[in-house]
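Novice: Letter by letter, the chains look like this.
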Amino acid sequence: MAKLAENEILKVDGLKKYFPITQGFFNKHVGDVKAVNDISFTLNKGETMGLVGESGCGKTTASRSILRAIDPTEGEVLFRRKNGNVVDLAELDYNKLKDVRSEIQMIFQDPFSSLNPRMSVLDIIAEPLVVQGWPKEKYKARVEELLDLVGLDKKYMTRYPHAFSGGQRQRIGIARALALEPELVVADEPVSALDVSVQAQILNLLDDLKERMNLTLLMVAHDLSVIRYICDKVAVMYLGKLVEIADTEELYTNPKHPYTASLLTAVPEADPHVEWLGENLKGEVPDPSAEIKGCNFASRCPYAKDICENKEPELVNIGDNHWVSCHRKEEIDLTGVK
Amino acid sequence: MANNNILEVENLNVHFHTDEGIVRALNGVDFKVERGEAVGIVGESGCGKSVTSTSVMRLLPGVGEIAAGTIKYYDKNKKQHDIINLKADGEHMRSIRGPEMSMIFQEPMTAFSPVHTIGNQIIEKLLYHEDIDKDEARRKALELLKKVGISKPEQRIDEYPFQYSGGMRQRAMIAMGLACEPQLLIADEPTTALDVTIQAQVLKLIKKMQADYNLSLILITHDLGVIAHMVDYVNVMYLGRVVESGPVEEIFDNPAHPYTQDLLKSIPRMTGNEGKLASIEGAVPDAYSLPKGCPFHTRCRKKIGEVCESAYPERQEISADHYVNCYLHQDLGDK
Numbered sequence: 001m002a003k004l005a006e007n008e009i010l011k012v013d014g015l016k017k018y019f020p021i022t023q024g025f026f027n028k029h030v031g032d033v034k035a036v037n038d039i040s041f042t043l044n045k046g047e048t049m050g051l052v053g054e055s056g057c058g059k060t061t062a063s064r065s066i067l068r069a070i071d072p073t074e075g076e077v078l079f080r081r082k083n084g085n086v087v088d089l090a091e092l093d094y095n096k097l098k099d100v101r102s103e104i105q106m107i108f109q110d111p112f113s114s115l116n117p118r119m120s121v122l123d124i125i126a127e128p129l130v131v132q133g134w135p136k137e138k139y140k141a142r143v144e145e146l147l148d149l150v151g152l153d154k155k156y157m158t159r160y161p162h163a164f165s166g167g168q169r170q171r172i173g174i175a176r177a178l179a180l181e182p183e184l185v186v187a188d189e190p191v192s193a194l195d196v197s198v199q200a201q202i203l204n205l206l207d208d209l210k211e212r213m214n215l216t217l218l219m220v221a222h223d224l225s226v227i228r229y230i231c232d233k234v235a236v237m238y239l240g241k242l243v244e245i246a247d248t249e250e251l252y253t254n255p256k257h258p259y260t261a262s263l264l265t266a267v268p269e270a271d272p273h274v275e276w277l278g279e280n281l282k283g284e285v286p287d288p289s290a291e292i293k294g295c296n297f298a299s300r301c302p303y304a305k306d307i308c309e310n311k312e313p314e315l316v317n318i319g320d321n322h323w324v325s326c327h328r329k330e331e332i333d334l335t336g337v338k
Numbered sequence: 001m002a003n004n005n006i007l008e009v010e011n012l013n014v015h016f017h018t019d020e021g022i023v024r025a026l027n028g029v030d031f032k033v034e035r036g037e038a039v040g041i042v043g044e045s046g047c048g049k050s051v052t053s054t055s056v057m058r059l060l061p062g063v064g065e066i067a068a069g070t071i072k073y074y075d076k077n078k079k080q081h082d083i084i085n086l087k088a089d090g091e092h093m094r095s096i097r098g099p100e101m102s103m104i105f106q107e108p109m110t111a112f113s114p115v116h117t118i119g120n121q122i123i124e125k126l127l128y129h130e131d132i133d134k135d136e137a138r139r140k141a142l143e144l145l146k147k148v149g150i151s152k153p154e155q156r157i158d159e160y161p162f163q164y165s166g167g168m169r170q171r172a173m174i175a176m177g178l179a180c181e182p183q184l185l186i187a188d189e190p191t192t193a194l195d196v197t198i199q200a201q202v203l204k205l206i207k208k209m210q211a212d213y214n215l216s217l218i219l220i221t222h223d224l225g226v227i228a229h230m231v232d233y234v235n236v237m238y239l240g241r242v243v244e245s246g247p248v249e250e251i252f253d254n255p256a257h258p259y260t261q262d263l264l265k266s267i268p269r270m271t272g273n274e275g276k277l278a279s280i281e282g283a284v285p286d287a288y289s290l291p292k293g294c295p296f297h298t299r300c301r302k303k304i305g306e307v308c309e310s311a312y313p314e315r316q317e318i319s320a321d322h323y324v325n326c327y328l329h330q331d332l333g334d335k
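So the protein sequences, as listed, match chains F and U. Following full-length UniProt numbering, the numbering of the first sequence begins with 1 at its first residue and continues without gaps. Following full-length UniProt numbering, the numbering of the second sequence begins with 1 at its first residue and continues without gaps.
The shape of chain U in the complex, shown without the other chains (with noise of 0.2 Å):
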């Protein structure tokens, strides 16, 4: 079998029913993962890049649906686990989360719980997966707090989440990722309450982590900075949808979508900007209600016209493995 992929999502469609009407937080979301890579998404908020990773590991809140779509996950085995049709709670996928996907996420005091030790959190999760006894769970949970950085994990091992600080905490929390040696990693906006000395320091982390452990990676961020240096391959979301996908130096070099090259003009560098910041005109249109046909045509300085406004733009390959949804790659012919 050629398929060398960990994680395919395909068309992917998320509803979340609330009193005030149905927000279509996903509308066809594509992407996948090869083993061993880093992929990336980035979006602003609202355009449903954590709804994804909550999705792929079924942590969906209760009116969150999967209205269509499917997400196949190959496991050490390279054998396929169709996750939609797995029950959230149920034995199958609690197998999966953890020993074979796992997740970081943003805010590690909200993560953790206050009133557990670090150290037993840890080991809770080692002995539900696996099948040791305390003390052996507990000499492994020492050696992966030492192994993410951890000063005196002897001492550290049993103190509260209150007593550390916030990088110590995204340190503990990539320590409870990766027991049970998961194949996936996900990390959700991992370093955005986090300063930028502390940041650097957790990137690095992460892709000592990744290299150590052959992780498959998914990192979500808005940060470009971030995505620029931690993937290989970049998906931009916008509204629910991936509108421009491809590896992380054709994204940043040749970016396709206007959208893209509108974010990528919009931010200001620490290398000095020559004259004035692009901005993107407008705001993100409401969930409630999203723009007919491309969703970005509502702020697009690119708009062919009723074309636009009329259907989704179908993804169109413009180079090797470089992916946009937009009509101006594509022959409009006589339309």
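So here's chain F without its partners, still in its complex pose (with noise of 0.2 Å):
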């Protein structure tokens, strides 16, 4: 088994995750919509890396597959354990990954619909506990604990979920995330569904808690403010791939993918003194079951070649650890955000 350097708690190495389409009486297998195709990236302890793109891109998919919530087509997720073993949670049987499961979980993005309404608060955040075995005695007073961490009255914990706004369903939601003391949480979206006041509250909450408990957080958006706020390092994702990855301060100086640099111009500044470059793409996102034979931006990029039609590039890195997939990465020159 691969190996994890002694600072890594997860890393993920030719991840794939491939929906067949099928077609006719006999369900013949016509085709695939490669929503992950072939990923690669390694996360440290205590890191918060965003994972980035626009809908469709596979990013869900990508890590909703890293947790085992759906099975992964290939690749390895190697994540070391609390204990200190490294497992390949790809692989693991089911028995052997309940355990696992402990430690990783997951914040959602609608915090409507993830509670459960016909369970108490005090049931919701003790879920995993009883999942794992506590005793009834002992989840309480974990609870009280968990509602303080989160900035919510202990009082409220007879309430149902419907009594609550959505940046209190949030917080719930966050309070169950953490009640197992997880290495790792993976956070689907947690901003998007809420207004600008209360997501601040929420993203202070995070920053906060990541602090606090030396959390690994994987955060999985669609906003590159929201990104820019919270991660150290952002991962972007463009029809199943990753296109670049670099620390955050790096990424948005000075991205070296086209795709990259078209997101961060694309983002209309709450500011009118700051000039709005607009758009520069043309057309849409390609179809993710269709073949394409080289560069998978090459459709919309403006600055591609014959090159990016027929070769396929390679994410390498070109230093500091920014690592990028594209032909053309030494000769165009993008701007980024200052």
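Because the hints were derived from the structure by calculation, they are not lab data. Ideal Cβ placement from N, Cα and C applies to all residues, glycine included. Hints are all accurate, no fakes.
For each label pair, taking beta carbons as the anchor points, the in silico distance ranges come out as: (1) LYS282(F) <-> LEU127(U): 32 to 42 Å; (2) THR18(U) <-> GLU145(F): 38 to 48 Å; (3) ASP110(F) <-> SER319(U): 39 to 49 Å; (4) LYS305(F) <-> ASP133(U): 47 to 57 Å.
Relying on the hints, combine the two individually framed chains into one complex.
Specialist: Okay, structure coming up:
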């Protein structure tokens, strides 16, 4: 089995998730939707990584394959457990997986559908504790502790989710995710369903918890300003592949992949004095089931040349842990944000 | 006549009669749109920004009632129409809705009928309002689709909405909004459902169309980034009222209402933030039981005291065309 370096907690290697397309009476297999197509990255202990991309790029599928909510088609997901053992999440059987799952938790996007309306806050937050066999006397005190941690009053413990606002519900979801002191937390768009004023509360809470609990966080999001606020490093995903990985500051100020640059300049900054360059991409994302010979971004890339359409670029390290997959990374001059 | 306004909304009150009680969605909304101007309405969910636009279009659902206020619309010939007193589904309102003012909705998948082709839906609008035959209408629809940047419009015109991608559907929506060449275009969260690169395309298209057709625009959104780059004048709404309004640069440079100030400080920036984000404590109060006085006093960190709970503060002009409803900007005297 491949190894993890001392400070690494997660190593994803060649992860693929294909969804088969079938046709006809016999469900003949006619193709695959390549939702996640060979992605690799590592995550260090205590680090927060953002996985960013537009809808349909496979970021949610990637995060779900990593925690085995769905079975990946191919690839390795090495995870260092609390006790120091390294396991491959992609090939663990059901029983062993249950044990490991106490160390990996998830925060969901929609605070309205991710909490069972028929369970009280106490039951919701205690659920992971119950599953892991905590006795009832012990878990109540733990739930109180958790409510305090996420900034909710413990007197709310007996209430049901409908009594809470979106922001408060998201706090409950976070408390549930932290109940077992996980090593790794995967947050899938944790703030995108919230209003800006409430979004700021939750972002501050996550930032705070990250420091206090030395959390390792994998955050899936489409909002680049949110990613910038909370993440130490960022992986940009396009059509099932990672096109660029770098430390946050480096990625935002010195993007090397044309797609990253387009994403950065497409966002209008909330300041009328900052020039908005807007869009330089033509067309829309291609069908993820199509066979693409070269670079999968070539059809929309303003810098595409012959080589881009014929040869697939590799994700290479260009120094300082900045990884880019582009044939023309040295030739083109891209602007980021200041 | 010096009046160059195309729309004047004054003291608009809209109530929804639901089983749980009356929801006071709008509690005296005032704003105006000058001819050719782009006006933004910004606020968080539940503040009444969409209710404002549907009231202007007279498209409120059955449980919604315009309880008080006036909406005046000035048409191509500067003739005044008193929108509130028109029958919502009457002949007069229908002659305004479409050729005079038109709307782009947030979710183009639900705004289009799924069982008619995009082309037929645009043609239907043209045939209803204009005195032309089918061939002429089809030619016009084709031209519109071309204008909004739909590739292969000859083929696309006969396709159904599900065959379009999200960005294209929104383009088609804009084409439909522009059919019959309206004077006023209301765009309600036109890019919220779209990805950033597609959002940029659609926003640029709306800007271009505004210039090409010399449109007046009302842009409704929760995204302050979109507001900053798309409009000339901003109305900030909170719980059914416009709490601050001003030219876009004034609002961003010198926000006067504590709500606007905090809202601006609570957004994460692309350029990075200094220190922590400011967040507004608590959540938006329930619309069934609105707080007395200033609706923001329950969350305001600059609350003066009882005066904020007593009555709603009057509108105050603090610089040219910059208005705010807040006691901080009033001479309270011996109160």
